[in-house]
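This is what each chain is made of:
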Amino acid sequence: GAGVSQSPRYKVAKRGQDVALRCDPISGHVSLFWYQQALGQGPEFLTYFQNEAQLDKSGLPSDRFFAERPEGSVSTLKIQRTQQEDSAVYLCASSLNPSQATDTQYFGPGTRLTVL
Amino acid sequence: EDQVTQSPEALRLQEGESSSLNCSYTVSGLRGLFWYRQDPGKGPEFLFTLYSAGEEKEKERLKATLTKKESFLHITAPKPEDSATYLCAVSGVGSQGNLIFGKGTKLSVKP
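Here the protein sequences come in this chain order: A and B. For the first sequence, the positions run 1 to 116 when my numbering is used. For the second sequence, the positions run 1 to 111 when my numbering is used.
Please note that the accuracy of each hint is not assured.
Unchecked claim - With a straight-line cut-off of 20 Å between C-alpha atoms, the simulated EDC-like cross-links for lysine to aspartate or glutamate are:
| id | chain 1 | residue 1 | chain 2 | residue 2 |
| --- | --- | --- | --- | --- |
| 1 | B | 63 | B | 39 |
| 2 | B | 59 | A | 103 |
| 3 | A | 78 | A | 63 |
| 4 | B | 106 | B | 9 |
| 5 | B | 106 | B | 70 |
| 6 | B | 103 | A | 85 |
| 7 | B | 79 | B | 45 |
| 8 | B | 42 | A | 44 |
| 9 | B | 79 | B | 17 |
| 10 | B | 69 | B | 55 |
| 11 | B | 42 | A | 24 |
| 12 | B | 57 | A | 103 |
| 13 | B | 59 | B | 45 |
| 14 | B | 103 | A | 86 |
| 15 | B | 103 | A | 44 |
| 16 | A | 11 | A | 24 |
| 17 | B | 63 | B | 17 |
| 18 | A | 57 | B | 2 |
| 19 | B | 69 | B | 2 |
| 20 | A | 57 | B | 1 |
| 21 | A | 14 | A | 63 |
| 22 | B | 106 | A | 44 |
Unchecked claim - Now the stretches of chain A that chain B is said to cover, found in silico as 3 or more residues with beta-carbon under 8 Å:
| id | stretch |
| --- | --- |
| 23 | 41-47 |
| 24 | 50-60 |
| 25 | 103-111 |
The set of hints was computed from the structure by calculation and includes no laboratory data. It should be emphasised that the depicted structure is a prediction, and the values quoted were computed from it without experimental measurement. We put the beta carbon where it would ideally sit given N, CA and C, even for glycine.
Just need the whole structure built from these sequences, with the hints factored in.
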């Protein structure tokens, strides 16, 4: 079956612009995670959804970052007034069960954001 | 604070030269330790989950082991197609399932 998909794959933004990154999880997966991966680093947690509920947003670096999953499937990560330090790969992952901490997370290919 | 440290940062091997990658972790109650493989320009690809000390899992040329403080990913007779970055991550008690990742080990296997 289809895996996790993300769009766009690449995004170039001028400093101060708003961007929206989309994630389509595996069909039927309850849990959805967003991570940020800087060059040469491991992914870092941003936020977690169980269905449409955002249960953890402790990793969002500032109030310029906002995520939603209104119908419990597709999710959008929005970054307002982008800064150069926002340049990174944004990864989305989904897992089948709710709050199962040992459940396998399946990752999408990521969106590479470059802020000029 | 939950933390994962991987070593070495980079490893170069000749084809057929076996070796091990290390993942040391500190977590307040381990629920699971995960190994992923990441190729350039792609998302992490799941390899293994380990749950308790003494557990081992194998897949082709890879074998993952777990102790109370660290995990090893053993690569036996590697091939050039095993070249990738290998990421280790933990999930701890009290989290919502989010993973804490190490920085990864970049493995290069030369023919």
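Within a Cα-Cα threshold of 20 Å, do residue 57 (chain A) and residue 2 (chain B) meet the stated pairing? Holds, at roughly 17 Å.
Is the Cα-Cα distance between residue 69 (chain B) and residue 2 (chain B) 20 Å or less? 12 Å, holds
Quick one, are residue 106 (chain B) and residue 70 (chain B) close enough, alpha carbons at most 20 Å? 18 Å, holds
Pairwise hint evaluation, residue 1 (chain B) against residue 57 (chain A), where the allowed Cα distance is 20 Å at most: Holds - the C-alpha atoms of residue 1 (chain B) and residue 57 (chain A) are around 17 Å apart, at most 20 Å.
Stated coverage of the stretch 41-47 of chain A by chain B [criterion: 3+ residues, CB within 8 Å]: holds (count 5)
Below or equal to 20 Å on CA atoms is what counts here, so check residue 42 (chain B) against residue 44 (chain A). 16 Å, holds
Distance restraint between residue 42 (chain B) and residue 24 (chain A), which requires alpha-carbon spacing of 20 Å or less: Holds, because 16 Å separates the two Cα atoms, which is no more than 20 Å.
Given the hinted pair residue 63 (chain B) and residue 39 (chain B), is their alpha-carbon gap at most 20 Å? 19 Å, holds
Measure nothing beyond the straight line between the CA atoms of residue 79 (chain B) and residue 17 (chain B); if it is 20 Å or shorter, mark the hint as holding. 9 Å, holds
Given the hinted pair residue 11 (chain A) and residue 24 (chain A), is their alpha-carbon gap at most 20 Å? 17 Å, holds
Given the hint that residue 63 (chain B) pairs with residue 17 (chain B), does the C-alpha gap stay at or below 20 Å? 15 Å, holds
So is the stretch 50-60 of chain A in contact with chain B by the C-beta rule, three or more residues under 8 Å, or is the coverage claim wrong? holds (count 4)
The structure meets every hint from the earlier list without exception.
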